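Chemist: Note that this note's numbering gives residue 57 to position 57 of the sequence shown, counting from 1, and the numbers run on in steps of one.
It is possible that part of the hints are untrue.
Claimed, not checked - Derived DSS-like pairs: lysine-lysine, alpha-carbon spacing no greater than 27 angstroms straight-line:
1) K24 with K47
2) K35 with K24
3) K24 with K12
Quick caveat, the hints were computed from the structure, so don't treat them as lab data.
Keep in mind it's a predicted model, so treat the numbers as computed, not measured.
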Amino acid sequence: MDTNFDFGKVGKRMPYSTPDDFFKDMEANILEQVKDDKPKPVRIQPKKRPLMKVIWTAAIAVAASVAVLLVLNIDFSASSSQPSQVNNGIQEVDQAFAQLSSADQAYLLSVYQEDVFLNN
């Protein structure tokens, strides 16, 4: 295969023909037609978000907030922070512990003392 191909030997053939000065005449005709045209002012309007998109966004935000509150189980009632209710819970645990046999009590105490997470 010959690697020194010369494109000059191929020659040029135009697939179409145009009259002389065709492109100059076309440019002159176009400029003649548009010389009296006045450019229209361009008005740039700010994008407005559709109302339904704003409503849906707000609804999704509210739903996400409610879901977070339900998942975290946040209780806004004032009664849960009263110390008497906390003391009642401790008393119930003490009462349940007292009802266990001495062997069960000893087992629970040994397990709690060996618990890595409670003793750190």
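Chemist: Are K24 and K12 close enough, with their CA atoms no more than 27 angstroms apart?
Modeler: holds (23 angstroms)
Chemist: When you check the alpha-carbon spacing of K24 and K47, does it fall within 27 angstroms?
Modeler: violated (43 angstroms)
Chemist: Holds or violated: are the alpha carbons of K35 and K24 at most 27 angstroms from each other?
Modeler: Judged against 27 angstroms, a Cα distance of about 16 angstroms means the pair holds.
The structure does not agree with numbered hint 1 stated previously, though it agrees with all others.
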